[in-house]
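Asker: Chains as they are written, first to last, in the numbering used here: chain A, 1 to 92; chain B, 1 to 391; chain C, 1 to 317.
None of these hints come from the bench; they were simulated from the model.
No more than 25 Å apart at the CA atoms, straight line, and that leaves these computed lysine to any residue pairs for SDA-like:
id : chain 1 : residue 1 : chain 2 : residue 2
1  : A       : 4         : B       : 196
2  : C       : 98        : B       : 157
3  : B       : 204       : C       : 15
Selected chain C positions facing chain A (Cβ under 10 Å, derived; list incomplete):
id : residue
4  : 30
5  : 65
6  : 202
Over 10 Å on every C-beta distance to chain B, these chain A residues come out as not near it, computed from the model:
id : residue
7  : 31
8  : 38
9  : 58
10 : 63
11 : 65
12 : 67
13 : 82
Glycine included, every Cβ here is placed at the ideal spot set by N, Cα and C.
Residue-level listing of the chains:
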Amino acid sequence: MALKTWKELPIGCVVSEPGSASEYHTGSWRSQRPVWDNQKCIKCGICYVFCPEGCVQQMEDGFFQADMDYCKGCGICAHECWPRAIKMIEEG
Amino acid sequence: MGKRMGMEVAMAVAEAVGLCNIDMAAVYPITPQSHIAEHLSDLVANGEVDAEFVTVESEHSAMSAVIGASGTGARSYTATSSQGLMYMHELLPIASAMRLPITMAIANRAVSGPLNILNDHSDIMPQRDSGWISIFVENGQEAIDMSIIAFKIAEHQDVMLPVNINIDGFQLTHMVEPFEMPSQEEVNKFLPPFVPHATLHPAKPVTMGAFAMSDYFPEIMKAKDEALKNSKKVVVDVFNEWGKMFGRNYKLVETYKTDDAEVIMLTMGSMGETAQMAIDQLRAKGIKAGLVKLRLWRPFPFEEIKAVIKNAKKLIVTDRAISFGGPGGPVFSEIKSAMYAETQRPLIYNYIYGLGGRDVPVGDFIGMFERVIADTANQLADTYEFWGVRE
Amino acid sequence: MSIVENFDLFAPRLINKKELLSPGHRACSGCAEVLAVRLMAKALGENTVIASATGCMEIISSMFPTTAWRVPWVHVAFENAASVASGIEAGIKALRKKGKIDDRYVKVVGMGGDGATMDIGFQALSGAMERGHDMIYVCFDNEAYMNTGIQRSSATPMGASTTTAPAGKVSIGQKTWKKNMPEILVAHGIPYVATVCPSYPLDFIRKMEKAKSIKGPSYIHCFSVCPTGWRCPSHQAVSMGRLAVETGVFPLYEVEDGHYRLSPDMPKKLKPIKDYFKGQGRFRHLGPEEIDKIQEKVTTEFNKLKEKAKFLKTGNV
Numbered sequence: 001m002a003l004k005t006w007k008e009l010p011i012g013c014v015v016s017e018p019g020s021a022s023e024y025h026t027g028s029w030r031s032q033r034p035v036w037d038n039q040k041c042i043k044c045g046i047c048y049v050f051c052p053e054g055c056v057q058q059m060e061d062g063f064f065q066a067d068m069d070y071c072k073g074c075g076i077c078a079h080e081c082w083p084r085a086i087k088m089i090e091e092g
Numbered sequence: 001m002g003k004r005m006g007m008e009v010a011m012a013v014a015e016a017v018g019l020c021n022i023d024m025a026a027v028y029p030i031t032p033q034s035h036i037a038e039h040l041s042d043l044v045a046n047g048e049v050d051a052e053f054v055t056v057e058s059e060h061s062a063m064s065a066v067i068g069a070s071g072t073g074a075r076s077y078t079a080t081s082s083q084g085l086m087y088m089h090e091l092l093p094i095a096s097a098m099r100l101p102i103t104m105a106i107a108n109r110a111v112s113g114p115l116n117i118l119n120d121h122s123d124i125m126p127q128r129d130s131g132w133i134s135i136f137v138e139n140g141q142e143a144i145d146m147s148i149i150a151f152k153i154a155e156h157q158d159v160m161l162p163v164n165i166n167i168d169g170f171q172l173t174h175m176v177e178p179f180e181m182p183s184q185e186e187v188n189k190f191l192p193p194f195v196p197h198a199t200l201h202p203a204k205p206v207t208m209g210a211f212a213m214s215d216y217f218p219e220i221m222k223a224k225d226e227a228l229k230n231s232k233k234v235v236v237d238v239f240n241e242w243g244k245m246f247g248r249n250y251k252l253v254e255t256y257k258t259d260d261a262e263v264i265m266l267t268m269g270s271m272g273e274t275a276q277m278a279i280d281q282l283r284a285k286g287i288k289a290g291l292v293k294l295r296l297w298r299p300f301p302f303e304e305i306k307a308v309i310k311n312a313k314k315l316i317v318t319d320r321a322i323s324f325g326g327p328g329g330p331v332f333s334e335i336k337s338a339m340y341a342e343t344q345r346p347l348i349y350n351y352i353y354g355l356g357g358r359d360v361p362v363g364d365f366i367g368m369f370e371r372v373i374a375d376t377a378n379q380l381a382d383t384y385e386f387w388g389v390r391e
Numbered sequence: 001m002s003i004v005e006n007f008d009l010f011a012p013r014l015i016n017k018k019e020l021l022s023p024g025h026r027a028c029s030g031c032a033e034v035l036a037v038r039l040m041a042k043a044l045g046e047n048t049v050i051a052s053a054t055g056c057m058e059i060i061s062s063m064f065p066t067t068a069w070r071v072p073w074v075h076v077a078f079e080n081a082a083s084v085a086s087g088i089e090a091g092i093k094a095l096r097k098k099g100k101i102d103d104r105y106v107k108v109v110g111m112g113g114d115g116a117t118m119d120i121g122f123q124a125l126s127g128a129m130e131r132g133h134d135m136i137y138v139c140f141d142n143e144a145y146m147n148t149g150i151q152r153s154s155a156t157p158m159g160a161s162t163t164t165a166p167a168g169k170v171s172i173g174q175k176t177w178k179k180n181m182p183e184i185l186v187a188h189g190i191p192y193v194a195t196v197c198p199s200y201p202l203d204f205i206r207k208m209e210k211a212k213s214i215k216g217p218s219y220i221h222c223f224s225v226c227p228t229g230w231r232c233p234s235h236q237a238v239s240m241g242r243l244a245v246e247t248g249v250f251p252l253y254e255v256e257d258g259h260y261r262l263s264p265d266m267p268k269k270l271k272p273i274k275d276y277f278k279g280q281g282r283f284r285h286l287g288p289e290e291i292d293k294i295q296e297k298v299t300t301e302f303n304k305l306k307e308k309a310k311f312l313k314t315g316n317v
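Let the hints inform the model, and build the full structure from the sequences given.
Answerer: This is how it looks when you write it as structure tokens:
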């Protein structure tokens, strides 16, 4: 994305596109990633609730996945998942 | 039609602001601004002004609250003085960067220390580079008129910047003066409703005051500078509109007997009226004296100033503040830089005077002229002196 | 594992699905503070305007020309979020009354870290609360100035090592007790004060919703684990918050019109604070004697709170 010139700046630098920070992908920060074992998952949603990024989503089948564009690999979901359905694995 | 009346200037300013259909005011008491706040709160308490009146716990919060309110699209007002203005200082460049058309009266007063509650311009001068439009008034009528005009300038779509109106503390705010107060109908006709450039409301969520790093910061500063410079044209237009409607014509730079003047004095604020009397007395003695009154301090009217002073032999710049250890008074330093590139320019003298409310009678202005005229060897030019200080 | 026992299964169904703070924000990996902010936004919903103080949450969410916010949000300075919020409340009130904006009810929220709230913004907060504005103020307390590099604040707990109160040969680190901010707000006589921790999301959301429903000022003090500043692993950010509650270091309670109520999440018997201390680098230097001293204080404070809950419970006037 080209940087704006001074003439192109919105008045008062108001940002009028809500949620536009999602253009930036924090997934590149990650050194490990969560992997769900759906055999163990009870679909409680703790992983979704506790994700600081808000990047864990419930799929149509009721199971959960993290959006790897944003997941920073903090490991909270794996640590909090009491049926131990999530494992953190090193990024290759 | 407006009506002729007499009233204390501070109260009249509150009356004028009350005519502007403000939505919100946040003020903290400080001498000599307090009468503006008190009278405005009376008007709100009596239902004459339909606005939220927020009695904040500090000037810092006063400015913070009007920034918040202005961000919602509310026409917002505050007033302060001296230490209060210094306390707000941090927020002034933020208000202008956010392009919020707040207006604020400043009952100018000396800055501590030592504590001194009386009038000079040492409070506004440190705010010079905060990106506000800054207007000085000379008398009660101007204080009233500019209090209304300021909203129209600030909220103009090509401006969207905050405006401060400098009213000399006590020497103006506490004078009972005769003036004409515009009617509500006239103000309604003159001042259109505020159309904000963005608002803090869930109907259209926006982010204001975002964090900018070096990839954007210089562009943002340039945009702000251009906005402030471009506001000059709107200031002129709005002054002209006011003149057409009310018959009181204002210029960025007022002149008095300058056409053939050899020695010109420059003042800002209420001292102009006393200086004008000195000019008349000097003229009666056959001295070709003239007076320039600077009304618009920011954006600085370079062209207008140059046009009226360039033909004089000598210019006396008077300052009611000092840049310690610097080039002299802040106005002096501005005028010198304005004239530097001019081939035809007067010798420029600078007197620092009237600090902390020290009275400056007509004779003192005459004394300044005499001292400058007597300086035939031009030894005092380009330097500054404290006027009337005991040696 | 009390969280799991008490946690209603299928939590996503109970929580507003909309993410009002978008991903792509720059908070550190495992930041429990941004988790709290995310949950706050969910609980408050779209008809909210937020004024934020300078701090971690401000810079990580508003990198110009983008924003993570999907609700109206403004940042002005460090010490004035409460004043800005009070002005927003006044502005919206006036405009709504005059019919200049649509007539929906909008909740105004001020937010700041512990430094912005308990130190530099203390006066602004006190003023806004005293004036009775219809607003919520949320303090996200991570117990030091994390944004500037882990300097001590008045929220830093006794014995914690920070960059300006470091542990050394003759220093235990922080030499003062943590300022009891919720009690100071209770003393303002405002309608609602609550302590929350994102490790207890349902309690957290319930209290936010309660604050939202109250017309007038409310104050929420949120315990926000900072793995970076506390030197603990990022995956423990939520469990560390739970330990703070279970040890009584940070009790969960609410005070409505002066009546105290301990959260049902509070355990009958507190765990020893050493369980909480041992996982954090900032307490690693503390010896048994120092821990005992802090334990005594935590126990005393918790007993005081229980007494208040007993004698100032809802129904007692």
